[in-house]
Amino acid sequence: MNPLAIIGRALLDFLAIVGRLTRFLTRSVKMCFLPPFYPRQILRQFIDIGYFSLPVVGLTTLFTGMVLALQSHTGFSRFDAESAIPTVVVLSITRELGPVMAGLMVAGRIGASIAAELGTMRVTEQIDALSTLSTNPFKYLVAPRLIAGTLMLPLLVLVGDIIGVFGGFLVCVYDLQFNAANYISQTWEYLEISDVTSGLWKAAVFGFIIALMGAYQGFNSRGGAQGVGTATTNAVVSASILILVTNYLLTGLFFAGR
Amino acid sequence: MTSTPKIELSGVTKSFGNKTILRGFDLSINKGESLVIIGGSGSGKSVTLKCILGLLDIDEGSIKVDGKEAAHLKRGALDAHQSKFGMLFQGSALFDSLPVWRNVAFKIIQSPHMSTKEAKEHAIETLASVGLTADIGDLYPAELSGGMQKRVALARAIASKPEIIFFDEPTTGLDPIMADVINELIVKSVREVGATTMSITHDMASARKIADRIAMLYEGRIIWHGRKEEIDNSGNPYVDQFIHGRAEGPIKMQVRKA
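Residue numbers (numbering that gives the first Met the number 0), protein chains in the order written: chain R, 0 to 257; chain B, 0 to 257.
No lab work stands behind these hints, which were simulated from the structure alone.
Some hints could be false.
BS3-like, lysine-lysine: derived pairs with alpha carbons at most 30 Å apart [unchecked claim]:
id, chain 1, residue 1, chain 2, residue 2
1, B, K187, B, K208
2, R, K29, B, K251
3, B, K18, B, K251
4, B, K83, B, K208
5, B, K63, B, K18
6, R, K29, B, K67
7, B, K227, B, K63
8, B, K49, B, K227
9, B, K160, B, K251
10, R, K29, B, K18
11, B, K67, B, K30
12, B, K49, R, K29
Pair ranges (Cβ atoms, derived) [to be verified]:
id, chain 1, residue 1, chain 2, residue 2, range
13, R, G107, B, R220, 46 to 54 Å
14, R, T229, B, H71, 28 to 36 Å
15, B, N17, R, T196, 28 to 36 Å
16, B, D95, R, I161, 51 to 59 Å
To give an idea of the interface, some chain R residues facing chain B are shown, with a C-beta separation under 7 Å as derived from the structure [to be verified]:
id, residue
17, D127
18, S130
19, T131
20, L175
Think of the CB as a built atom: it goes at the ideal place given N, C-alpha and C, for glycine as much as any other residue.
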């Protein structure tokens with residue numbers, strides 16, 4: 000085959016996907032603001048995405064904070080800068096690792112479950128059935144997940160930040176013989192509100208991306224069990240990649256604003 | 000005939016990619032009539048129903064319901080159009096996250112004049128009309144057998160007393176006795192709500208039982224239609240082959256899925 004044709008075809012396919020995704024996105028976002036609303040569905044998603052993700056996010060950030068303290072101790076002890084460890088831990092967790100690690104873990108947990116649930120509903124015609132029962136599937140299925148994802152992830156990350164900093168504290172105080180009071184005061188000393196809020200804004204964007212990719216892949220799944228499996232994989236992979244890319248873009252944006 | 004047909008299709012074409020499914024589909028159904036479309040697998044029966052419902056957009060031609068054009072509707076008008084229909088899906092398509100009674104009451108519970116208690120009572124009455132007892136209402140769809148699920152799906156399709164009801168292969172996957180029970184229920188419940196119905200099936204016993212008129216779909220066109228008494232003397236070799244289920248004849252079986 001002509002190599003130019005291959006490039007052209009790949010480009011056209013890519014543009015088609017971007018177009019479809021944009022149409023899906025505008026339609027879903029519009030539905031988040033138009034009545035009727037489905038409070039039962041929204042509440043269910045709050046619990047699913049927010050509450051049930053706590054253990055996963057908590058464990059991830061706890062061990063991230065712990066390993067961060069150990070690693071920075073290895074480095075900083077070489078030039079007697081151990082006192083910088085609390086600052087390094089709290090800034091890394093709140094600005095980067097909290098939102099990114101929580102985002103990736105939730106992408107695995109929630110992105111997959113949204114894609115699998117909506118994908119199964121698609122192949123068993125339940126989404127078509129909604130339309131015949133005077134219910135807009137975007138409003139009933141997609142909007143509650145987008146709302147819950149966008150609002151719940153910042154809360155999860157806030158809890159995760161605290162647990163992550165606590166992880167660093169545990170390692171430093173019980174393993175590396177730091178003074179507990181000093182550690183806490185040094186944690187606060189250089190921390191600014193914007194360090195935390197920039198992380199929470201990121202989390203909101205990541206939550207939106209996770210719910211959107213899960214719903215998009217689920218809605219467009221085809222062809223039975225295998226199709227649902229593919230949709231689930233695509234949802235997790237595309238959400239994870241988009242999280243890493245937007246994380247870079249958002250970090251650039253927050254730095255430029257300072 | 001002077002009155003406007005309830006549903007009128009003329010010259011409808013629909014293709015997916017370069018595969019044409021419907022090529023000039025003409026059909027009209029009068030108010031209160033029961034029409035059954037027969038045809039082999041992959042002949043475009045399901046696609047026809049989805050086009051009339053507005054779940055799929057047609058390429059050319061016109062679809063009129065109550066004399067009003069129903070193809071290419073915008074969102075608001077599409078919602079109003081779809082609210083006239085009830086549909087029994089091939090795989091029942093019950094919402095597995097909701098108990099049976101919430102499935103049956105799904106549409107009516109959204110009306111602002113209906114309390115949850117009234118909706119539940121109405122659901123239980125509708126379940127009784129398809130021969131199911133009140134205690135079934137609290138079970139989940141996954142706990143029911145295939146035949147029971149079909150009955151619940153039938154109850155859901157008729158619960159809001161729609162003007163038009165579609166049946167997509169209502170007896171597929173059921174044993175002959177349960178199939179006959181479902182056929183009886185379709186005839187009885189349709190008479191009760193006075194709806195116009197359109198069914199697609201390849202089960203001739205079912206077609207003879209529920210139809211006033213039968214139409215045969217082959218390669219995207221209606222090749223024969225007439226009263227059900229006339230089907231044995233249609234003089235059409237395609238119809239003869241189909242109703243006698245002969246492997247030899249003019250119909251070539253389609254291998255690939257529509």
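Hints, one by one, checked against the model:
| no. | hint | verdict |
| --- | --- | --- |
| 1 | B:K187 <-> B:K208 | 11 Å, holds |
| 2 | R:K29 <-> B:K251 | 47 Å, violated |
| 3 | B:K18 <-> B:K251 | 17 Å, holds |
| 4 | B:K83 <-> B:K208 | 25 Å, holds |
| 5 | B:K63 <-> B:K18 | 25 Å, holds |
| 6 | R:K29 <-> B:K67 | 28 Å, holds |
| 7 | B:K227 <-> B:K63 | 24 Å, holds |
| 8 | B:K49 <-> B:K227 | 24 Å, holds |
| 9 | B:K160 <-> B:K251 | 40 Å, violated |
| 10 | R:K29 <-> B:K18 | 33 Å, violated |
| 11 | B:K67 <-> B:K30 | 14 Å, holds |
| 12 | B:K49 <-> R:K29 | 25 Å, holds |
| 13 | R:G107 <-> B:R220: 46 to 54 Å | 49 Å, holds |
| 14 | R:T229 <-> B:H71: 28 to 36 Å | 31 Å, holds |
| 15 | B:N17 <-> R:T196: 28 to 36 Å | 52 Å, violated |
| 16 | B:D95 <-> R:I161: 51 to 59 Å | 38 Å, violated |
| 17 | D127 | 6 Å, holds |
| 18 | S130 | 6 Å, holds |
| 19 | T131 | 4 Å, holds |
| 20 | L175 | 49 Å, violated |
Violated hints, listed in ascending order, are 2, 9, 10, 15, 16 and 20; each of the other numbered hints is respected by the structure.
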